[in-house]
Amino acid sequence: MKILAGAVAWLSRIAGAVGSVATVTCLVLIGWSVVARYVFGAPQGWIDKVAGWLVVMLVLLAAPEAQRRFEHIGVDIAVARIGPAWARAARILGALSVCAVAAILVFAGLEAVAFSRMVGLMTDIEGVPEWWIQAILPVGAAVLFLVAAVQALVLAMGGTPDYLPTGNEELPRDTLARGE
Amino acid sequence: MRRRSLLAAVPALPLALTVGARAAVAQGVATMRLSHQYPPSHHISRVLEGFAADVTARSNGSVVVQIFPAEQLARVSENFPGVARGAFEAAVATNFTWGNTIPEMSAPTIPYLFTALGPIEKFSGSEARRFLDAATSRRAVRSLGWLFTTRSSIFTSQRRPIVELADFRGLKIRGINTLIDSGLTAAGAAPAATPAPEVTAALQSGVLDAGLTDVSAAVSRRFYEVQRFGTVAPFFAVFTQVYVNPRWYEALRPEQRAAIEAAMARAETDAIGVTEATAAAALVELRARGMTIHEQTPAETAAWREVMQPPVLANFARQAPEGGPRILELLRAL
Chain Y
1 MKILAGAVAW LSRIAGAVGS VATVTCLVLI GWSVVARYVF GAPQGWIDKV
51 AGWLVVMLVL LAAPEAQRRF EHIGVDIAVA RIGPAWARAA RILGALSVCA
101 VAAILVFAGL EAVAFSRMVG LMTDIEGVPE WWIQAILPVG AAVLFLVAAV
151 QALVLAMGGT PDYLPTGNEE LPRDTLARGE
Chain F
1 MRRRSLLAAV PALPLALTVG ARAAVAQGVA TMRLSHQYPP SHHISRVLEG
51 FAADVTARSN GSVVVQIFPA EQLARVSENF PGVARGAFEA AVATNFTWGN
101 TIPEMSAPTI PYLFTALGPI EKFSGSEARR FLDAATSRRA VRSLGWLFTT
151 RSSIFTSQRR PIVELADFRG LKIRGINTLI DSGLTAAGAA PAATPAPEVT
201 AALQSGVLDA GLTDVSAAVS RRFYEVQRFG TVAPFFAVFT QVYVNPRWYE
251 ALRPEQRAAI EAAMARAETD AIGVTEATAA AALVELRARG MTIHEQTPAE
301 TAAWREVMQP PVLANFARQA PEGGPRILEL LRAL
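Chains as they are written, first to last, in the working numbering: chain Y, 1 to 180; chain F, 1 to 334.
Treat the hints as calculated values from the structure; they're not laboratory data. By construction, the Cβ of each residue, glycine as well, lies at the ideal position given by its N, Cα and C atoms. Any given hint could be a false lead.
Said to hold, decoys possible - Label-pair ranges, simulated between beta-carbon atoms: (1) V39(Y) - R160(F): 16 to 26 Å; (2) P39(F) - Y38(Y): 21 to 31 Å; (3) I92(Y) - E255(F): 56 to 66 Å; (4) P39(F) - W86(Y): 52 to 62 Å; (5) A251(F) - L164(Y): 45 to 55 Å.
Using the sequences provided together with the hints, build the complete structure.
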């Protein structure tokens, strides 16, 4: 179990790292686009398209790592009051729900890729098929599925997944996360 | 069945409409939901409304065409996948929006290549049309008809008119697609591909310095509210292709298909007259709304063609190495 959890964690970190690179690349390109458009008067139309793809990439590839660190937005009022056994059951249910959503995304993504390949759908950027971009969806969703499945498995076997909140954590400093 | 189940899981798809359509088919009435991007006041929008009424009349009510204008059902980029997958039955595409997916489709829109009325009138019964229909069928949709949309373009601007080629230098102008935009780039402009529904707002906010559209759309999309100058030129021709889901279409009764095809043939004919009349009226309207309109002279046309057409033709040959020469040959033969 430890080997499996370690392998999935490694996969999730790799995906998160690629998502981080996508974030930085997106910011650089958008900055360049603004300068090119308003300083040099030369809009770079392709950047708008590529920036959109990078946003998709960063969201889908960062989601598994956020799930692994239990950093997705959640409501913990009930979990804090129902006792340890029910809290564990609630967390298993939560992880399985993520698995279900991720599975739907995997199948929908694979179908979109198959369709685009079948009809030869191309993006506005010459030489870039649409399915290259769409493939990010099943890849990111598959990693998300694995992360959530491992968490559910560890919880079901009585273990404690990495980063499981204990309820004693300090509230985050930023006001948005605190809900202020 | 599996594909339908997956599609039903995607929240963007109009499930309620799908259920309604199935119920309608079960009662022997086929519903054809047609998505398009034109505002209701656009002349092609009116031609499509006429097509819908004609289909109902010719089929004795056994086919109902529901028109969803102004991207109400799907955005421009969602039309093709939506129809091919069967999420709705029909949609339209301006020929150039097929872009890199079917590069041959951009042939009529190559600058100054196909803007004479005589050849345009022959297009619907031509080999060129059948060639493009065949290219469409390889992309999992069935071409139903071609509505002539414009052969009269307008270059709009706010600060100064665009008359000479030098006026393009440094202008951020609405682009069409990568192919056509190479002609604008050759003139010194900086094209930014912008979907038609977003152009007016882009001009107003200054994201674009200059607009490029057909003269009728300049009226229906209210360019006159944000632009002072307009240069009208026979820059390119645009057709609006109507296409349907082939599985839905083949499931119709023969008399229903005959009604749709007859109505579309009439719409194709109507579109030519409507487009020409609307373009003429649009010039009057734009002037009445305060725009300063310049109609390009033959000498200016020759100068623009000399600069803009060659790079587009070269790119076209590169993007469509197999079908490109053939469609050019067919169009030039008209």
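Unsatisfied constraints (hint numbers, rising): none
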